[in-house]
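Please build the complex by placing chain H on the supplied structure of chain Z, with the hints as guidance.
Chains Z and H, in that order, are what the protein sequence lines are. Heads up: the first sequence is residues 1 to 420, going by this note's numbering. Heads up: the second sequence is residues 1 to 420, going by this note's numbering.
If you're looking for bench data, these hints aren't it; they were derived computationally from the structure. This one's a predicted model, so the numbers in the text were calculated from it and none came from an experiment. Beta carbons: idealized from backbone N, C-alpha and C, even for Gly.
A short, non-exhaustive set of chain Z residues, derived as facing chain H with CB atoms under 10 Å: (1) LEU110; (2) LEU203; (3) PRO223; (4) ASP363; (5) SER372; (6) GLY382.
There are 2 protein chains.
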Amino acid sequence: MTMTKARSIASQCQAAYDVAPIIGALSTDAKNAGLVAMAQALKIHSAAILTANEKDLSYGRSAGISTALLDRLTLTPARIEGMADSLLAIRDLEDPIGEVLTAWTLENGLAISKVRVPFGVIGIIYEARPNVTADAIGLAIKSSNCVVLRGSKSAIHSNQIISNTLRDAFVSQGGPAGAIQLLEDTTHEGVTELVQMKQYLSLVIPRGGAGLIKRVVETATVPAIETGVGNCHVYVDQSADLKAAVSIAVNAKVQRPSVCNACETVLVHKDVASTLLPLLSTPLKESNVVIRGCEKTKVLLPDCELATEDDWYEEYHDLILAIRVVDSIDEALTHIRQYGSMHTEAILSENPEAISKFLNQVDAAAVIANASTRFTDGGVFGFGAEMGISTQKLHARGPMGLKELTTYKYIVKGDGQIRT
Amino acid sequence: MTMTKARSIASQCQAAYDVAPIIGALSTDAKNAGLVAMAQALKIHSAAILTANEKDLSYGRSAGISTALLDRLTLTPARIEGMADSLLAIRDLEDPIGEVLTAWTLENGLAISKVRVPFGVIGIIYEARPNVTADAIGLAIKSSNCVVLRGSKSAIHSNQIISNTLRDAFVSQGGPAGAIQLLEDTTHEGVTELVQMKQYLSLVIPRGGAGLIKRVVETATVPAIETGVGNCHVYVDQSADLKAAVSIAVNAKVQRPSVCNACETVLVHKDVASTLLPLLSTPLKESNVVIRGCEKTKVLLPDCELATEDDWYEEYHDLILAIRVVDSIDEALTHIRQYGSMHTEAILSENPEAISKFLNQVDAAAVIANASTRFTDGGVFGFGAEMGISTQKLHARGPMGLKELTTYKYIVKGDGQIRT
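So that you can see chain Z by itself, here it is in the shape it has in the complex (with noise of 0.2 Å):
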């Protein structure tokens, strides 16, 4: 890293504000051509940007980084290849600005228009991927929102050249190079220093750990959008189709471990808890799958780890699975309502009135019935693209695509009318 002392946070902020009316200004085509340029010029500099990634990599071997984080951290010649295709299908994304969500004539002839605009500028936190820096720059473009990214330390030094490139490609089709600000101020400090930001920022989105959330929601003036924390439940009820609950309950455990949408906790009713479980253990097994269970678990799975109240809480991102048997779906619903974090909940059963009951009362961004929790994900709902899960209930719920990324604004045009 460069010795010259990082600018400021509240200078980077309002560099980005100051051209925020310009990037909202922006046609439809003006925002593709940046985005088209900014795909190319990923794979242009492709070599220097694996150098670049290099050296994070060699600092996070020598700090000894876990191999988790160092995969995350890793680009390859195909992830930046998969950077620069997910920018050119966010250009193919329709424009979300300028969408007229409903218009009214009043009595008095005032024509009233309620009319998508983008935030202004957004600030975006989030941990160790490089990919996210690209992801996160065309998304706001697209939306004509400025951005200001917090990256992790760890990857600085690729964050910074993918930032730069893409940058450099926007502002050679005309687009202002304010709107674009990686953090140079890396600290803990930066981050409660960014999230009071008010008056340049519009909208944080914090993405990452559950600590990073708790500390932005903690700090924040700015509003806030929660992340991605996710202990997310399957339920088997006594009507559902067994074999299909193995299935579904394996793969929302083990098909990505390290995800919000995984599956933490499945959720048994006792009537088919004996059939089901041993059912369940042996793909789990192969999986290397570590069960921790509830008492009456642990008498149908003797092998199987005893669960403690803290398990139930818990969001393992890893090969681990708690399992609780109730004895009724409303066990099973108090258990979700207390230790859920609102993100997506299943459940497996064949009984319409069970699953009705299960969908209407369970409180979260996504509620399914017979599927993976591995479906809650923006472009499985084909919105395209991502920024994010959002585990509040303010603003977005959910998956957040494009139009997440955006608020709206009321035109009211008159000829003179006053209020009486």
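Structure of chain H alone, referenced to chain Z:
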């Protein structure tokens, strides 16, 4: 006031949280029956409510609170009738809950629908006016939310009898008593405690002065919607119909100066300043409006006070108007961007290009051409009722009606799908 210890904020929030699933499942008919009973109960208990109100007023008088505050605190038979009518008007509004916002089916057969659902428990913090107690309860119940109200200490007797009356009426129609909570703790610290009740509340809405909003934003961990701070401008372009401009500017300032959509500063294009300002000052003087003008204004209206930098930031809530002469529409836009509160901004102009530029570029909840700023209002917009006017961009912007008190969830129905 009684000497019994106030119930804790946590216990009241939890009581609401515990019945949120019950409120969430109420039918439209059940909610409407509750609202009708509430309206009737207000009328039946009118005398008792006035007696309780008189207690607040006499405390207020002996504490020497201002006439304006006393006025806002005062209930009359007509105002109680108005509160009852508002509840019936809310009864007549369409039930927002359960609306399918969009639905689609994936290639793998998963059927996804995005359905409008309540938040759960909403906290509302407000000042003085006891009629807000009834409005907030009505809007919350109709949108299937529980509500925790934190009114001001100065209105505690009025608020208590109103909330008790409405809760009893709701319970008489089968509603759960826990759904309607008026905080017994009205300490300052209690506000901070309330806005950190993340385990129970999904949303807080502060309604009041800039100080309250700021305190909530700085301490809340529950997602919050900022409301009501309105530093609204009227920009008179050089092409404006000056007669209409005078009428609109006067209306925007004078018709109800204490509200957030009143105009605080008029910006006048230099080419029309010498004609407009004398025309404008006469009716303003007749309405006892004090003018605080920039130096150029002072030259044209020698009687006016000289504005300071602070005036441009001020939301007077009073018969005071700042006036500034600007060289161009761009200078007006810059002024609004610097000093405005993103509430309502108006341009008066006969030039379509200037109008279009203003409406597109000004970043505010409502942008208005050739009409008074006073029109930004849930009632005027046709929302039937209003929980405040949002000045932030997340979730709701501008007037908040029933729909703005809801969120959504994704309901996904499958038949065994797993992710590959």
